[in-house]
Every structure is written in C-alpha cells, then in structure tokens.
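Line by line, the protein sequences give chains A and B. Per our numbering, residue 1 is the first one in the first sequence, and the count goes up by one each step. Per our numbering, residue 1 is the first one in the second sequence, and the count goes up by one each step.
Keep in mind that the hints are not guaranteed to be accurate.
Copies of the same chain look alike in the list, so a pair counts if it works inside one copy or between any two.
Taking lysine to aspartate or glutamate and the DMTMM-like style, the derived pairs with C-alpha atoms no more than 25 Å apart in a straight line are [claimed, not checked]:
hint, residue 1, residue 2
1, K105, D29
2, K143, D233
3, K105, D322
4, K105, D146
Because the hints were derived from the structure by calculation, they are not lab data.
There are 2 protein chains.
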Amino acid sequence: MNITRIEAAATRLAGHGVVTPLLNASLLDALAGRRIFIKPECLQKTGSFKYRGARAAISALPPEVRQRGVIAFSSGNHAQGIACAARELGAPAVIIMPEDAPALKIANTRAYGAEVVLYDRVTGDRDAIGAALAEERGLSLIKPFDNEEVIAGQGTCGLEIAGQAQAAGIEEADVLVCCGGGGLTAGIALALEAHAPGLRPRPVEPEGFEDVTRSLAAGKRQRNAAMSGSICDAILTPEAGDLTWPVIERLCGPGLAVSDDDAMRAMALAFKRLKLVAEPGGAVALAAALFHAGGDGDVIAVISGGNVDGAVFTQALDRFGDLG
Amino acid sequence: MNITRIEAAATRLAGHGVVTPLLNASLLDALAGRRIFIKPECLQKTGSFKYRGARAAISALPPEVRQRGVIAFSSGNHAQGIACAARELGAPAVIIMPEDAPALKIANTRAYGAEVVLYDRVTGDRDAIGAALAEERGLSLIKPFDNEEVIAGQGTCGLEIAGQAQAAGIEEADVLVCCGGGGLTAGIALALEAHAPGLRPRPVEPEGFEDVTRSLAAGKRQRNAAMSGSICDAILTPEAGDLTWPVIERLCGPGLAVSDDDAMRAMALAFKRLKLVAEPGGAVALAAALFHAGGDGDVIAVISGGNVDGAVFTQALDRFGDLG
Numbered sequence: 001m002n003i004t005r006i007e008a009a010a011t012r013l014a015g016h017g018v019v020t021p022l023l024n025a026s027l028l029d030a031l032a033g034r035r036i037f038i039k040p041e042c043l044q045k046t047g048s049f050k051y052r053g054a055r056a057a058i059s060a061l062p063p064e065v066r067q068r069g070v071i072a073f074s075s076g077n078h079a080q081g082i083a084c085a086a087r088e089l090g091a092p093a094v095i096i097m098p099e100d101a102p103a104l105k106i107a108n109t110r111a112y113g114a115e116v117v118l119y120d121r122v123t124g125d126r127d128a129i130g131a132a133l134a135e136e137r138g139l140s141l142i143k144p145f146d147n148e149e150v151i152a153g154q155g156t157c158g159l160e161i162a163g164q165a166q167a168a169g170i171e172e173a174d175v176l177v178c179c180g181g182g183g184l185t186a187g188i189a190l191a192l193e194a195h196a197p198g199l200r201p202r203p204v205e206p207e208g209f210e211d212v213t214r215s216l217a218a219g220k221r222q223r224n225a226a227m228s229g230s231i232c233d234a235i236l237t238p239e240a241g242d243l244t245w246p247v248i249e250r251l252c253g254p255g256l257a258v259s260d261d262d263a264m265r266a267m268a269l270a271f272k273r274l275k276l277v278a279e280p281g282g283a284v285a286l287a288a289a290l291f292h293a294g295g296d297g298d299v300i301a302v303i304s305g306g307n308v309d310g311a312v313f314t315q316a317l318d319r320f321g322d323l324g
Numbered sequence: 001m002n003i004t005r006i007e008a009a010a011t012r013l014a015g016h017g018v019v020t021p022l023l024n025a026s027l028l029d030a031l032a033g034r035r036i037f038i039k040p041e042c043l044q045k046t047g048s049f050k051y052r053g054a055r056a057a058i059s060a061l062p063p064e065v066r067q068r069g070v071i072a073f074s075s076g077n078h079a080q081g082i083a084c085a086a087r088e089l090g091a092p093a094v095i096i097m098p099e100d101a102p103a104l105k106i107a108n109t110r111a112y113g114a115e116v117v118l119y120d121r122v123t124g125d126r127d128a129i130g131a132a133l134a135e136e137r138g139l140s141l142i143k144p145f146d147n148e149e150v151i152a153g154q155g156t157c158g159l160e161i162a163g164q165a166q167a168a169g170i171e172e173a174d175v176l177v178c179c180g181g182g183g184l185t186a187g188i189a190l191a192l193e194a195h196a197p198g199l200r201p202r203p204v205e206p207e208g209f210e211d212v213t214r215s216l217a218a219g220k221r222q223r224n225a226a227m228s229g230s231i232c233d234a235i236l237t238p239e240a241g242d243l244t245w246p247v248i249e250r251l252c253g254p255g256l257a258v259s260d261d262d263a264m265r266a267m268a269l270a271f272k273r274l275k276l277v278a279e280p281g282g283a284v285a286l287a288a289a290l291f292h293a294g295g296d297g298d299v300i301a302v303i304s305g306g307n308v309d310g311a312v313f314t315q316a317l318d319r320f321g322d323l324g
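All chains should be modelled from the sequences, with the hints used to inform the complete structure.
Structural data, given as structure tokens:
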C-alpha cells in the first residue's frame, strides 16, 4: 500500500463520490474547550464512507472481470456501498446477508439493484454459499476492509482532510477515526502521512471492543472477546485486518474507547449543533473528541456513517437532547 | 442590486462561511422519478443560510460604524446568524426577542455572544425599544431580508449552486427555494441570472401562507392573511420585501405551496436518505421537489435550515419514518 494507489483511487472517484466538507460549530468548540472540525462521511453516497472503497475496488477490476460481477458479505454499510457502486459501474452485485438482518438494510441493498442472497446464521454456511456463487458466476469477492483497493478508496477521505485542513490553517491536530476492521483508519493514515504529517490519526472504538486500542498498547494484534453487546454495530469486528493492522501499527495511536452512552450523546449533539444524522458506530470519534481526547489543540473527528433507524435516533434525542 | 455586489459578498465570506456541497441520493431520484440535487444550507454556520447575509451585511459596514455594533429583531435563524457573524467580526450585537421565544433560541443567541433584550409581545413596543437602543449606542439595524447586503450574502448560495450544477453537468433545472421574506430567493435568482441562466428559481411556501406564489400569479404583491398556523415558522412573513419582491417578480416562478404534512414527510426522507436535519420551513423546497413540482427534468432543492427541536423532529420520524 502506498500513496500512489490512494491518489489513483481519488482520480477514479472524482465526480462520483461526494467531497464531504470539513465542518465546524463554534458552540461545540465552546463545549470541548478547543476547536473541533468534523468530516461528515454520513453525507457520502449510501450514508457512509464505505462507498469510497467499494467504488475504488470495483472500478479497479479489469472490464472483463468487472462485467461478470462482484460479491460481498455484509449486513450493513459495506453492502450498500458495494450495491450502489456496482450499479453505477454496470457490474452485477450479489450480497450475502443473514436472513435476520434489518429489513431496511435488505430493502436498501435491493433498492440499489443488488441481488440479495439470504442465509440462516445458525444452520447456513455463509462462506460455502458465497464460494459456490462466486465459482459458478465468476464473481469477484470484495472484502470490507482487507483489500488494497478498498483501503485506497477509504484513503481518499484522508486526502480530502489533508487539503481541507491546510485550507483552514490547521497544521497540527489529532484526527479521530471510527475504527472497526481498520480500512478507513489505515487509508486516512496513509494519506495523512504523505500529505499532512502534522495530523495524527487515532482510532476510536466502542468500550469493550477496543481491540485496536489494546493492540497498539501491546504492540501486537489483539482480538475482541465478543462480537455483540454494543449499539455501535457498524464497527464491531473480531480484529484488524492483515493489511490494515501493519499500517495502523506504524502510523496511528494511541487509540481511544467510548461508551455507548457517549456515542448517543454525540449523536444528540450532531443533531443539535451540526444538523447531521450519525449512527452510533459513526459517532464514536466525535464522542471521543468532545468527551475523552484530552489536550487543547485542534481535533478533527470523522463521522463515518449515518445509517441509523429512527427509533434509535429518537432514543438518543430523548435521552440527551438537552445537552450542549 | 446586481451581481457585482453578490460577488463582493462572496469574496468577504470566503474562508468563513461553509461552501455547502450539492448532494444527490439515487434512492430519492427513484422516488421522484427524476434526478434531485440538494443544497443543504442546514450545514451552514448556525444551522441556516442566514449566516451568509448576516456576515455579508456586517462586514460591509465601515469599521467605525461596525465597532459601535448592530441590532436585529428576530426570534429565530436571523438572530443566530447575526449573533455569530457579529462576534466573528468583533461587533457588539443586540438582538430584540419576544420573551416567549423558545428558550433554546434565546440560549443559542446568547451563546454566540449577543446581548438579548426581551420584550413583552402584548404590552411591549418592539420598534420603540430597538430605536431607543440604536439611538443611544449608535447601532446599525440589520433587517432580515430587505437589506441589499443581506440579499447579496444569500446570493452567495446561488453562486455556489451555479458552479456546482455546472460541475455536475446540470444545464437546465428548476431550483426550488424555501421562501419567507424572499432574501434567499432573490439572492439566488440574481446569481443564477448571471451565471446559470438555464436554472430557473421557484419559490416554495407553506400552504395558506403562499403570498409570493399568489403575488407571482397576480403580477402584484399580495399579503398573507395570518402569521401563525403552520409549523414552518422560519418562513412565515407578512409579505415579500420592498427590495426582494421586484427581483422575484422579474426572475422567479411559478411558486409552489406544500402542506405541513408534506414538509414533515420531507424531513423524514432527509433523515433517512440524506442524513440531514431539516426544520419544517427548511424542508418545503425538498417536499415540493419530491411530491409536487411535476415534470421530469432535473431539480435542485435548497434545504434552508435545520434548527428544529428534538420533539418536532421525533414527531416527523414517528409519523413518516416508513416512507421511501
């Protein structure tokens, strides 16, 4: 992985992805006691940064491979990113989803034109179903984070941060990134290394699932003990990837972890002060910037996605709408 | 009023206001049967386009006048725009607000550093209080829309739309604008006349308060019969301004009116498909684009603001969250 690949992905994405703005709200600065800038990837196509990596990976396939189609395993944001980018690029897309995935996410993935294949989490063998389909139709598997082109696509978010920070006169800052498998974190870290060395990428995770934070502290990749028990579903992964971990180890840290309640508080403040819809997992970096990161220098927080049900969002407003 | 003044305002705003992106969501296109683009002014500083005009007007004052301070009458978005821009420019700001204005809006205006003077709607004389303060301290009154520099500031939104539409390959489109006193509508219309003549500005108002729509149909300025009875409080005004109406008459139309329920439906869809928080009055143009504008060409809808209480927002999600 190097910066050239990220820049090539940016060229392929130009005119297709959203160049999300770098936002600031002075009343949030007052709350945190320092300047906070927000990179709202919830405004990206399909409501999360995942579109960047999906489009970068599918557009990197040779035309004859691409036209046979792509396949992905996902019950969430990666599914929608792949489905949308595949349709734009004229590639058939098959998404393997658990049959108990939220009806809305299944419906959205289908609405973007993908073929959804459902499996039973208990009795079904997801990998066997996927492998059989891929073999039969010649589909290319697009992994959610351990894929060089996916990481390069997520890195285009970092290129934008570097340019926008420079334009805003931000020379040094922590850059807090919501971190699951580490595709976005690694991509941003590589872009900042090349173009904004004063910006320091730091992964942010849900408390109890801070495998990357523990890995950075230990100097060795760690796994999460469980895969459920946080509302931050979008960023719950067993461990960082084989490709993402070495980048994160070299360029990022220290990590931060925030509670579910802090994620909900950040959602309520994003509603009130930024007019943005953040999903719980997408709000952890903002939560860390507001409540946990310490220090008094500038901080940039990525809101990584906004695909949240109305009921969960309403709960955040009901509980924490009086804040700030 | 001419384009030169808008371009001068853009120069003064550069690096201060947010260049809001032009967004698109293919699932909204599918719902409307044509391409819809969104200009989200809810992402502007203070949560509405009003910051543009406020900063343009205050920055146009001669330094010795500006340092004496500014005064405004407003219970809403204009108050916050003036308070924020005044603080940035080092000008004292006095905002005259009714004492029954929402506590949050009073608190926000104070949080931006303005002095809030409350009056009793029944027994107080707002104009007399304001005139006495302005006289005593030498304050400059900044009207919410009938001020050439305010209109020029709102016009910077139109300059951005013109450039962004060209970059997106949009040569012809309706541009739907939430319309109260007409400052944003007139400013955008002047900018499009000069830079994007294929884009046609059309005001959108709440049903029952569509004075501008009726005025355009009649060829003569009309007034609203009432000033309450819609949830779209941000855009309820008695009539278009002396400065805005001639511009709107010359360049805009026909107007459109949408129901409160349609505004709420659009809020729910902005949440779900755009990850944006729109206030009722800020959502009428999107509502018209989705439900009322007819035709099959491209359409651009401005979301003019997002300053909505959690309770109202929650109500929109509860009632219309299953849409689209």
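- Is the C-alpha distance from K143 to D233 at most 25 Å within one copy, between copies, in both cases, or in neither? within (18 Å within a copy, 48 Å between copies)
- If the cutoff is 25 Å on CA atoms, where do K105 and D322 land: within, between, both or neither? Let me know, please. Between copies only: 13 Å across chains, 30 Å inside a chain, cut-off 25 Å.
- Query: Are the CA atoms of K105 and D146 at most 25 Å apart within a copy, between copies, both, or neither?
  - Reply: within (22 Å within a copy, 47 Å between copies)
- Item | Homo-oligomer pair classification [D29, K105; C-alpha up to 25 Å] | between (35 Å within a copy, 18 Å between copies)
Violated hints: none; the structure is consistent with every hint.
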